[in-house]
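Peer 1: For reference, the chains in residue letters:
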Amino acid sequence: MANLTSITSWSMLDVQHFARRAGFGLTPEAAATAAATNPSSFINAWIDGGQSSSLFDAVYANRSDVVAISAIDPTTGNAANVLVPAITSAHGFLCEGPNTWRNRLSVAQAAWAFRMQYAPDSFRERLSLFWHQFFATGYDKVQNTALMLEQIQLFRDRGLGNFTDLLVAVSKNPGMCVWLDSVTNSAVGSAVPNENYAREVLELYSLGVDNGYSQQDITSLAKALSGWSFYVVSSDIVTAPNNVTNKYAKRGTAVVAQGQTVPAGSLSWFMGALSNNRLPNQHPTSAANASGGSASITFLDRTFNYTVTQAGMVPGEDVLRSITTSRATQCSEYLAARMISHFVTPNFTSQDIQDFGLVIRNNDFNIGASLKVLFKSQFFFDASHRFALITSPIVWLVSSCRMLGYNLSEADSLAVKGFPAWRLLVGTSDSDSSTLDNLGLALLDPAGPNGWGEHDVWVNANMMRYRSYCSSAVALSETYRYGLYQGAGTISLQLTVTLVPTDLNKWFPTTPITSLDIFNRLANLLQIAPTPTSLRDAWLNALFGGNGSAINLTNTTHQVKIRELAFMMMSTPANQLH
Amino acid sequence: MKKALSRRTFIQSSLTAGASVAGLVGCGGGGSSASSSLDSSGGGTGGGGNAGAFTNPILVVINVDGGWDWLNVIPPDSGANLTAYQAKRSTLRITPATTLGSGVGLNGDFIGLDVLQAQGKVAWITGLSMPSPNLSHFTAADLWAQGGTSGSNPSSLNGTGWLGRFADQAFDAANAIQGVTTTNSVHRMIAGARRSFIPITSTNGFRYPGSLRNATLQAPYSTDNMLLQSAYNLAASSISSDSASRAAYELIAKSQKSFYDSVQGISTLTTRTPSVPYPGDSNYTNTNGAVLSNALSVQFKLIASMISANLPIQVYYCRLGGWDTHSNQLIAMKNLLSTLGGSIKSFYEDLGAITTSTGLAQNRVMMMTWSEFGRRVTENSGGTDHGTNSLSLCIGNSIKGGLYGTYPNLANLDNNANMRYSSDSDFRNMYATVLDRWLGQATTSTNALLGSNYTRMNFL
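Residue numbers (this note's numbering), protein chains in the order written: chain W, 7 to 584; chain A, 6 to 465.
Accuracy of the hints is not assured; some may be wrong.
Derived list of chain W stretches under chain A, where covered just means 3 residues or more per stretch with a C-beta under 8 Å from a C-beta of chain A [said to hold, decoys possible]: (1) 201–213; (2) 449–463; (3) 524–537; (4) 540–546; (5) 577–584.
It should be emphasised that the hints constitute simulated quantities derived from the structure, not laboratory data.
No residue lacks a Cβ here, since even glycine has one placed at the ideal position from N, Cα and C.
Whenever a hint applies, use it, and build me the whole structure from the sequences.
Peer 2: What follows is the structure, given as structure tokens:
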């Protein structure tokens, strides 16, 4: 059984374990400081978050994306086959707001990766990643970077609240409404409801496959959620400068479409004109226009009138909300399994699930309160769980950049900014051949609504190949050359960009004396799992002639060897665990 | 033949392993064995059995991912089924362009398959079904992948799929690459307990990306291969003693080593120039105005490169997604079918230009498609929801073309308006046939891999 009582004291190793699982790691120095504090207070503050940083906000908005590449020449409006920077000066990521029209998946992926690395509230990003893996929604169908990132922002804003509220909010989220076809779901008259979203709500987002529902329940929920859609008010419409017929929504306004009137100038969910500013009628208002002629539906053993709107809710919402009461045990245990397998261990028992499921129910499905119990528990800190989870590629890569790269103020103070060129690192391809795809976790672009899985899904020969690539990019200070846009029709080569700027001296706040010192510091910084000493000594012999060889950080030969060792250690199996 | 691949070790190791190498012994091909009795709709419309003598059959598995609406691929064209179909598909129904006979037609947007059909190269295996389907993508795909006898995820299968178990049994130790997937992830269907399929996803080379080239670090970093050897080989042999992390460590080390061993075998994999245009190529002739994707073409081109290079690969796995047509089906299906059919036909023709060391590639390759289910017979507003019973295609020079399996009775559906299960069309019947008559497994071996003695079909 899972011992969910809280720890009362902790070591630096415990702190690092927590920070790897509930964030993207802490440096050894920060972990040592935290180890001297009360674990409960520290964890509460970590999860509550809310830290803000005017520096981060300014950098993210204005100078984070040091190499932006656009497929469209903004002056000629031509879609260019060459990769050209649209804007040569430092700027933010061009994928939201007025730049929604650029609509490049890789820019949105880079923007989120940048947030993971530098946002002051790193738990929010880690939690949002969990919910993205849970409610996996894909750009491939949504085809709008701003709507994709709007959904991620929803996870930041609501991801620690009540689960039922989160489920309702996700069900109204424009990106989700497109992804699983709520926008075309009609239960009016003779229309047959579209079951896509209703099925996945039960299979993936609340109960799990075959866990307490029937096909009839899917049909009922599909009726209840018919018409859940959105429209786009005129101020949220962005027109592509090169083609005024191409319009993009920078956000959507959630609505249950029942034939009502919306503000003049609004467009439909697919950016089409609305006749007389009216939405189509997709959710019946009475038995007379309900699918099959009946307003009564049975859902999870309870009867509802899905045409009646409950106070404070939108039509059908009461049906959706009933899942966590009608199937409280199944839902809480499904959540428990997802959370434990993501944050704690791949090797859990059904008793562990039941124990944490009870915690979730006792906390009335409050996610933050439940996660605090989990993250403080003896169960979480059990030594058998340390390094027992395979790290997802994005967490691995972001964590490595945090440990080996510049911090935000250091990076921003450099004349040539020291931020990782995330756009180039994740892969400039917006298709299935980007680096993130090959690593196995294409942020914002899962292959299906079931997302990716956990643990051993992050390992195959090709994924390891790309981890070696990323390791060389980070540790070996790899560079990338790209073309420079010089004005209409003119492209000159070229600029050379360091993918992940690093300063070897910052890796070693204490001057290393021997080659073993180099290994030990890098192991501590990267927080790799226990490594066979035979492997360690093979590296140190090959690079430095032994594990006791004298080291001089100013020696350029040594600098090369140290980076080679960092590459070995970043890509070694023990560093794929957390 | 364009030899676009340079290899180091594969030919040598194949030669030393000699006839003991599984798959080098002749099997499959034109000479299929005695036919089974339960193929309900006959088949054998001619054209099969025209393969020349060859060894080393290759299976190319095409995952039609998302559950395709095959009722609109080969819709009824006469009789009671046509009446039922038209009643339940008031807006999405398709009028077939040609007929396959037996009351079944062929959607004119399945570009290229009409040609292959006319040549007798296509077996249409209809109504492939499983008992008690729950209409979930994930359960259905998992059951298709497992190819076992019981329900979802029995521990006896240990997470393996039927082709993975085949690999465990048939692939030899000398070759790191005998199974390849052109997808980023390794589907359960090709997951073995001991043997890995290698994901190779790019036509621009299976090698170390970035600053790593040809299994060495580049200047100013070491040109000594020892470092990478230690990273992969030594890590795999020096197992961690840490009990908490050991299992995961071993899993990763094994995957890294399989990459390392593979890349030693293929130091560079350059792009072979196809002999024919594929969908997505600028010189491909688009005959129906569909929006064509190169998603499958790039995988076929990569496979053709590897076949052309005589790599000892027996099974390739590729995927075309997007078939979950809950909405916008009329447009989506036209694009998908045109892409799938056009890509298959281009690949088939391209293989006709490749002569391998053991014969014409077109004779060595059989394609087999699979999709986790068909879709609801009754349409929703513009699309179709999850259903039952699927359609697989087996395509190649050795195939005896025609209709196989059981075309469902659309006037007698289950309570959810879905097609009913028929043991005559159990999907594992197709697997057993492919294992026996294409991949050269003995009957007892096939039965052991699938856990039961499934009825063999007549398409091979």
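Peer 1: Confirm or reject each hint.
Peer 2: Going down the list of hints, with the structure as the test:
| no. | hint | result |
| --- | --- | --- |
| 1 | 201–213 | holds (count 4) |
| 2 | 449–463 | holds (count 6) |
| 3 | 524–537 | holds (count 3) |
| 4 | 540–546 | holds (count 4) |
| 5 | 577–584 | holds (count 6) |
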